[in-house]
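K.L.:
Residue numbers (this note's numbering), protein chains in the order written: chain A, 119 to 326; chain B, 119 to 326; chain C, 119 to 326; chain D, 119 to 326.
Incorrect hints may have been included.
Treat identical chains as interchangeable: a pair holds within one or across any two.
In silico lysine to any residue, SDA-like type, Cα no more than 25 Å apart, as pairs [unchecked claim]:
(1) Lys269 x Pro239
(2) Lys283 x Leu176
(3) Lys179 x Val157
(4) Lys179 x Glu159
(5) Lys283 x Leu131
Honestly, the hints are just simulated from the structure, not real lab data. This structure is a prediction, so every number in the text was calculated from the model and none was measured.
4 protein chains.
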Amino acid sequence: MTRLLQRFGQGHLRLGRIEAFSDGVFAIIVTLLVLELHVPELHSAGSVAELGEGLWHLLPKFLSWLISFIIVCKFWLNHHHILSLASHADYGMVWLNSIFLMFQSFVPFPTALMGEYPGNPLAVSLFGVVMAFNTVLFIALQSWILHRLCKPELAAARDPHLLAKSLAGPLGYLAGAGLAWVSLPLGFICYALTPLLFITPPEPRNSE
Amino acid sequence: MTRLLQRFGQGHLRLGRIEAFSDGVFAIIVTLLVLELHVPELHSAGSVAELGEGLWHLLPKFLSWLISFIIVCKFWLNHHHILSLASHADYGMVWLNSIFLMFQSFVPFPTALMGEYPGNPLAVSLFGVVMAFNTVLFIALQSWILHRLCKPELAAARDPHLLAKSLAGPLGYLAGAGLAWVSLPLGFICYALTPLLFITPPEPRNSE
Amino acid sequence: MTRLLQRFGQGHLRLGRIEAFSDGVFAIIVTLLVLELHVPELHSAGSVAELGEGLWHLLPKFLSWLISFIIVCKFWLNHHHILSLASHADYGMVWLNSIFLMFQSFVPFPTALMGEYPGNPLAVSLFGVVMAFNTVLFIALQSWILHRLCKPELAAARDPHLLAKSLAGPLGYLAGAGLAWVSLPLGFICYALTPLLFITPPEPRNSE
Amino acid sequence: MTRLLQRFGQGHLRLGRIEAFSDGVFAIIVTLLVLELHVPELHSAGSVAELGEGLWHLLPKFLSWLISFIIVCKFWLNHHHILSLASHADYGMVWLNSIFLMFQSFVPFPTALMGEYPGNPLAVSLFGVVMAFNTVLFIALQSWILHRLCKPELAAARDPHLLAKSLAGPLGYLAGAGLAWVSLPLGFICYALTPLLFITPPEPRNSE
Numbered sequence: 119m120t121r122l123l124q125r126f127g128q129g130h131l132r133l134g135r136i137e138a139f140s141d142g143v144f145a146i147i148v149t150l151l152v153l154e155l156h157v158p159e160l161h162s163a164g165s166v167a168e169l170g171e172g173l174w175h176l177l178p179k180f181l182s183w184l185i186s187f188i189i190v191c192k193f194w195l196n197h198h199h200i201l202s203l204a205s206h207a208d209y210g211m212v213w214l215n216s217i218f219l220m221f222q223s224f225v226p227f228p229t230a231l232m233g234e235y236p237g238n239p240l241a242v243s244l245f246g247v248v249m250a251f252n253t254v255l256f257i258a259l260q261s262w263i264l265h266r267l268c269k270p271e272l273a274a275a276r277d278p279h280l281l282a283k284s285l286a287g288p289l290g291y292l293a294g295a296g297l298a299w300v301s302l303p304l305g306f307i308c309y310a311l312t313p314l315l316f317i318t319p320p321e322p323r324n325s326e
Numbered sequence: 119m120t121r122l123l124q125r126f127g128q129g130h131l132r133l134g135r136i137e138a139f140s141d142g143v144f145a146i147i148v149t150l151l152v153l154e155l156h157v158p159e160l161h162s163a164g165s166v167a168e169l170g171e172g173l174w175h176l177l178p179k180f181l182s183w184l185i186s187f188i189i190v191c192k193f194w195l196n197h198h199h200i201l202s203l204a205s206h207a208d209y210g211m212v213w214l215n216s217i218f219l220m221f222q223s224f225v226p227f228p229t230a231l232m233g234e235y236p237g238n239p240l241a242v243s244l245f246g247v248v249m250a251f252n253t254v255l256f257i258a259l260q261s262w263i264l265h266r267l268c269k270p271e272l273a274a275a276r277d278p279h280l281l282a283k284s285l286a287g288p289l290g291y292l293a294g295a296g297l298a299w300v301s302l303p304l305g306f307i308c309y310a311l312t313p314l315l316f317i318t319p320p321e322p323r324n325s326e
Numbered sequence: 119m120t121r122l123l124q125r126f127g128q129g130h131l132r133l134g135r136i137e138a139f140s141d142g143v144f145a146i147i148v149t150l151l152v153l154e155l156h157v158p159e160l161h162s163a164g165s166v167a168e169l170g171e172g173l174w175h176l177l178p179k180f181l182s183w184l185i186s187f188i189i190v191c192k193f194w195l196n197h198h199h200i201l202s203l204a205s206h207a208d209y210g211m212v213w214l215n216s217i218f219l220m221f222q223s224f225v226p227f228p229t230a231l232m233g234e235y236p237g238n239p240l241a242v243s244l245f246g247v248v249m250a251f252n253t254v255l256f257i258a259l260q261s262w263i264l265h266r267l268c269k270p271e272l273a274a275a276r277d278p279h280l281l282a283k284s285l286a287g288p289l290g291y292l293a294g295a296g297l298a299w300v301s302l303p304l305g306f307i308c309y310a311l312t313p314l315l316f317i318t319p320p321e322p323r324n325s326e
Numbered sequence: 119m120t121r122l123l124q125r126f127g128q129g130h131l132r133l134g135r136i137e138a139f140s141d142g143v144f145a146i147i148v149t150l151l152v153l154e155l156h157v158p159e160l161h162s163a164g165s166v167a168e169l170g171e172g173l174w175h176l177l178p179k180f181l182s183w184l185i186s187f188i189i190v191c192k193f194w195l196n197h198h199h200i201l202s203l204a205s206h207a208d209y210g211m212v213w214l215n216s217i218f219l220m221f222q223s224f225v226p227f228p229t230a231l232m233g234e235y236p237g238n239p240l241a242v243s244l245f246g247v248v249m250a251f252n253t254v255l256f257i258a259l260q261s262w263i264l265h266r267l268c269k270p271e272l273a274a275a276r277d278p279h280l281l282a283k284s285l286a287g288p289l290g291y292l293a294g295a296g297l298a299w300v301s302l303p304l305g306f307i308c309y310a311l312t313p314l315l316f317i318t319p320p321e322p323r324n325s326e
């Protein structure tokens, strides 16, 4: 076990390619989200009323797309921030990053599910569970970088309460997942508000 | 409110990753546009006449694809230009950029809608409204960069009438959206001509 | 007209972002090609014989995918080569590059068409026409770079017969497009052989 | 033949663009894998039980997605490692890299096949054959780089048994492909365990 941890602590990888790979994955995720918005099928191709109604029925999909886009962009921004603190990368970080990206790339599935069945509590709460899990994976990546790879000149400015603050994310999403079983609109609102907590990465301690 | 604006004014992000993320999104958008071109289904797989007719019916989709491709490339070029004026990035810029990219990545949807229902005024005018909105988002990003993040050596060369000139874009698209209710071909022509106004980014004032 | 040409001759863009955007488009095109390979539908999910037959029927799609992949990689390599000769980029180059990429991103459509209807001469010859047109667009980009943007130290090594040699590409694809009407296998072979002519970019004159 | 090999030995390409293109392809592959997870169709949109059952039936697809994601990330990491050893690139390397990426981009197809027909030995064993072939292509790329393009200062640290060790990869996948005909779960387990052998790239000899 120690040997495995040691093995993951090895390697001195260039951050540039890790960022390029991650940016590619983030860019594709946000762009794929729109593929769930299918053009409505009309019986009469020229009918304005029918098309208007078809677009109106897409509203839950539009909202799901909007929420997911904001959440993924928030992850991208915080990912950008946390990688800028690292002096280099080791294999442990690469794998934590890969697993984090794996579940980021999973986001279009619960988004489509929630957009397709906005009235189904299981579909709506699954969205929150996936987002909570993603945030936990991000916190794991963040902890690995802060404790093992942090640039020495930035170590002093580290916020000791960062972990506690970060946990507000998964708790917010899980609250939304729970609320969905009581009231679907409350679940939606909870999902829309949670990413706003992390709309900007935390500032270093001494600047507050 | 001031505190929120202050928070968005913080951060000192590397432009490189923002450009990489944006380039990824632009590249995927333009490439996804072609996915709307489905191979026509034939009753007789070897029939040249039937395939020719099937391709002919794809013409509105080809035209929509062409116009959208040119528009997105134009946005990419102007995005490239405006980011080259910035000395660094703050959180406000990152979020304006993300929201701009969000609605860029939305472009395949109205493109598909217009390609599928070229005879439906609502479908055609929606395309113009989305493009006008995209241009407004671009103008917001441009203003933020010019007023807050502009490299000092470039500030003097700024065109004071840039905002007024930029508004020609949304007005052109909205004119097309309005014309579509009167005459569909006029709407199409308006959409095809508007991006030509911005085919090259504005030159700095002193070179004109 | 001169004024328009002058406008396209302006601008001094960073090659890095043009390459990043182009690499993104190339990477997505080659990866999207595989989406045309659909899992065959089976009546009996566990039947080895039925699945074997289903995969066998995919053979024309596999071959189309293979040929298109090699052709797009060849374009990528020659694009890489020609951009390495440029000292900077102007708006003319950016637009020639964008239009070239537009028709590169179109490649999945004729590839799918040829894979779906390998016995239809129109489908097969369309593939050749699109590839010939792509090569012509590449030659236009190449000429613009060589005549206007070439690094001075590389100008002397330019091959004066490059244009004539490059035309072998469109002629090969058009020959395949013509042959398809006589014999489909001959057309296929012609398509497979033509990219091999350009499997490596031309060496500078003095090294031959 | 010698002349052809000589031609492939020419060229002095920038590694940066090859990495950017490769990263783009890797990023798209891992993200496309999720597109195979389709939202289950429900008769009653609000039924929790029906949705739960639909998700349960997706389990083989989830597992296929998970295994493929880990395998492609492992390839990415080893690709990153091996390219960091190269001092420059020649045409031979570019083509070996392109052919390697071609079959990487093919991965979503056998993944979808195995996810759709987890009870079909042909579908499951095909997955192993494709992965074995991918590893062989990677070994070819690795050998070309180590023997022709290796940075001189790293040549001494090369592991003489690297080739033998690398062959464990294809053998593991082929074992899984063979086992699938005897017992499907054994095949799955073999596929899941093989990438773990290469979860970190080999360390240089002197550090062991």
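K.L.:
Would you mind marking each hint as holding or not holding in the structure?
P.N.:
Hints versus structure:
no.	hint	in the structure
1	Lys269 x Pro239	neither (44 Å within a copy, 51 Å between copies)
2	Lys283 x Leu176	neither (36 Å within a copy, 35 Å between copies)
3	Lys179 x Val157	both (12 Å within a copy, 13 Å between copies)
4	Lys179 x Glu159	both (16 Å within a copy, 16 Å between copies)
5	Lys283 x Leu131	between (30 Å within a copy, 22 Å between copies)
Checked against the numbered hints above, the structure violates hints 1 and 2; every other hint is satisfied.
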